[in-house]
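Protein chains: 2
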Amino acid sequence: MTVQRILIVSGTHGNEINPVWAVKHFNRVGKSLIHDIKYEFIIGNPAAYEKGCRYIHVDLNRSFKESENFDQHKNSFYETKRANFLVDKFGIDGSIPCQIAIDLHTTTANMGTSIVLYGRRLKDFCLAALLQNKFGLPIYLHEKDKSQTGFLVEAWPCGLVIEIGAVAQNFYDSKIIDRFSVIIRSLREEIDKLKNNLIELPKELVVHVHQRSIDYPRDEKGDIDGLIHPERINQDWKMIKKGDPLFLDSQGITHEYEGDQFVWPVFIGEVAYKEKKIAMSYTKKEVICSNNQWVYEFESL
Amino acid sequence: MTVQRILIVSGTHGNEINPVWAVKHFNRVGKSLIHDIKYEFIIGNPAAYEKGCRYIHVDLNRSFKESENFDQHKNSFYETKRANFLVDKFGIDGSIPCQIAIDLHTTTANMGTSIVLYGRRLKDFCLAALLQNKFGLPIYLHEKDKSQTGFLVEAWPCGLVIEIGAVAQNFYDSKIIDRFSVIIRSLREEIDKLKNNLIELPKELVVHVHQRSIDYPRDEKGDIDGLIHPERINQDWKMIKKGDPLFLDSQGITHEYEGDQFVWPVFIGEVAYKEKKIAMSYTKKEVICSNNQWVYEFESL
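If you read the protein sequences in the order shown, they are chains A and B. Counted from 1, the first sequence has number 16 at position 16 by our numbering; the numbering is strictly sequential. Counted from 1, the second sequence has number 241 at position 241 by our numbering; the numbering is strictly sequential.
To be clear, the hints were calculated from the coordinates, so they are not data collected in a lab. Ideal Cβ placement from N, Cα and C applies to all residues, glycine included. Among the hints, a few may not be true.
Using 20 Å as the maximum straight-line C-alpha spacing, the simulated SDA-like pairs for lysine to any residue come out as follows [unchecked claim]:
id : chain 1 : residue 1 : chain 2 : residue 2
1  : B       : K24       : B       : R179
2  : B       : K285      : B       : W264
3  : A       : K24       : B       : K221
4  : A       : K276      : B       : K238
5  : A       : K144      : A       : N133
6  : B       : K274      : B       : I56
7  : A       : K277      : A       : E220
8  : B       : K238      : B       : R212
9  : A       : K221      : B       : K51
10 : A       : K24       : B       : G252
11 : B       : K221      : A       : A47
12 : A       : K203      : A       : C289
13 : A       : K274      : B       : R54
14 : A       : K24       : B       : E220
15 : A       : K277      : B       : C53
16 : A       : K277      : B       : E50
17 : A       : K24       : B       : P230
18 : B       : K38       : B       : S186
19 : A       : K274      : A       : I56
20 : A       : K81       : A       : I43
21 : A       : K24       : B       : Q251
22 : A       : K65       : A       : Y39
Now the in silico label distances, taken between C-beta atoms and shown as ranges [what the hints assert, rightly or not]:
id : chain 1 : residue 1 : chain 2 : residue 2 : range
23 : A       : H73       : B       : K276      : 29 to 39 Å
24 : A       : G112      : B       : K277      : 25 to 35 Å
25 : B       : R185      : A       : E258      : 29 to 39 Å
26 : A       : D36       : B       : S76       : 54 to 64 Å
27 : B       : D215      : A       : D88       : 30 to 40 Å
28 : B       : D36       : A       : P46       : 50 to 60 Å
29 : A       : K51       : B       : K89       : 25 to 35 Å
30 : B       : D93       : A       : R218      : 37 to 47 Å
Construct the complete structure from the given sequences, taking the supplied hints into account.
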């Protein structure tokens, strides 16, 4: 087991303020705790946090691009520079190398406390399994979505997002803060238990796998012309079938789900995704059998 | 009774989107209704609404200033021009004169459905009494606050704000929309009933009168260093006394209310008021006896 440092990023989106407070709280009550694994804390986007907005130029959590595909004109963006700074400092080859990155986010959707994974890295599965085992957290596995790439945790060998909601942007909520604090506190303990063979990974990991995102109904001018239907709002993680209501438009018409397959929508009505033209994302439930290889890969970090 | 037109303004703050939708809805189901009193609908700040932010340059709902006190350099601001446009078009001497202005707002604070009055205009008391009588709405009477002036409805002979919360900025909530729709629908009906002597004003108007606003605890750098206390959040309109908790700071210390007099806090933790350094506003409860003069003044509009 060579995990020496875990990077905890809060404020990757400047208007998601509860994780920043949770870190402040942890640093007060927890920083005297001596432990083999060290936490490094950083505010992802301090300029946006200062202003209370999601980002300055572009979404920081879409700015950790592979260099070969990278659009050169974005080099002048604040978030591009900030992404480079974070990797140069805390990346696996950085000046303070961290093996794991945990990125703390909030959502206006009613996601509860949940985990977001990007792709199927076995190390991430191991870490997610530890947390799902401990807290029963649902997992959104984001993959095969070419329109959304460059996520922060992908720039580290292992990492995941903790996503908690519903909470409004820029609104402090002590219950949400408590939930982040519990996760931060437990992370090292769970890794320790695994290392000392005090726990086994659960046999199965239940994940909700991204299928596609859908936009709101729009009028002829392209403006949003539909609310999330009253029967759909706040119903994240719950299965829908053909004929179930999705939107209610300004004519009073209900727009229904027309697919033949069952899907589980997540990020329903997330305010920040309007600009991305996402009203919700459809997922499918998948059960992945756990595997000793997950632990080997994780322990070789 | 000479009320001919009522101006209904939604989107005065561009990130308060539910009233805009309520108006859209009313125009669909209610525009065919013939009535002596005509509604004029307008989006207060269309540029900010487009962008999903509160304002472009300055708060539109603080931009309706008396001309003699007016800071000339603000003439270039989008909101200053917009305020002038609204008064020139819908003001009492405008091209489409409206006698009453109703400004629809949402708040992230748990205010429920409430009325905000600015000062003690008898016509406003009459209108507020009609609504309090019908719906039992609490009233926040904002007065004697030199740091906050230039509210939209003050530029009309009669007017008030309908303020509904808690709801997040930019988040559609069909329950909140329904509440605005009910008020819009009922307004003319209640005025009709008064005109036709079908109702009397209630004997008393209960108001919560603004006393002062308080800021969050701040650290030596001037940054906010305190949450609204878990026992205080969402407790708008509820009385507090000396020793009751207000904030919880990052050291885990509870900051208490230290005044000797009972107060009733409102707009607790309103996200948009952070930039105004307002964590909550204290009010005192006052009962005002209603008066025939209110109706005379209202009917002479």
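Hint by hint, here is what the structure shows:
1. K24/B with R179/B: holds, 14 Å
2. K285/B with W264/B: holds, 7 Å
3. K24/A with K221/B: holds, 15 Å
4. K276/A with K238/B: Given pair K276/A, K238/B is violated - Cα atoms ~40 Å apart, limit 20 Å.
5. K144/A with N133/A: Measuring from Cα to Cα gives roughly 26 Å; hence the hint is violated.
6. K274/B with I56/B: The hint holds at about 17 Å.
7. K277/A with E220/A: holds, 15 Å
8. K238/B with R212/B: holds, 16 Å
9. K221/A with K51/B: holds, 15 Å
10. K24/A with G252/B: This hinted pair holds, its Cα atoms lying about 11 Å apart.
11. K221/B with A47/A: holds, 16 Å
12. K203/A with C289/A: Distance of about 6 Å is within 20 Å: holds.
13. K274/A with R54/B: The given pair, whose Cα atoms are some 16 Å apart, holds under the 20 Å limit.
14. K24/A with E220/B: Holds: K24/A and E220/B sit about 15 Å apart, inside 20 Å.
15. K277/A with C53/B: holds, 17 Å
16. K277/A with E50/B: With a Cα-Cα distance of about 14 Å, the restraint between K277/A and E50/B holds, given a limit of 20 Å.
17. K24/A with P230/B: holds, 17 Å
18. K38/B with S186/B: Judged against 20 Å, a Cα distance of about 13 Å means the pair holds.
19. K274/A with I56/A: Roughly 17 Å between the alpha carbons, so the hint for K274/A and I56/A holds.
20. K81/A with I43/A: holds, 14 Å
21. K24/A with Q251/B: The hint holds at about 9 Å.
22. K65/A with Y39/A: The hint is violated at about 25 Å.
23. H73/A with K276/B: 29 to 39 Å: holds, 37 Å
24. G112/A with K277/B: 25 to 35 Å: holds, 33 Å
25. R185/B with E258/A: 29 to 39 Å: holds, 33 Å
26. D36/A with S76/B: 54 to 64 Å: holds, 60 Å
27. D215/B with D88/A: 30 to 40 Å: holds, 38 Å
28. D36/B with P46/A: 50 to 60 Å: The hint (50 to 60 Å, Cβ to Cβ) holds, given that D36/B and P46/A are roughly 57 Å apart.
29. K51/A with K89/B: 25 to 35 Å: holds, 33 Å
30. D93/B with R218/A: 37 to 47 Å: Holds: the Cβ-Cβ distance is about 39 Å, inside 37 to 47 Å.
Hint compliance for this structure: hints 4, 5, 22 are broken, all remaining hints hold.
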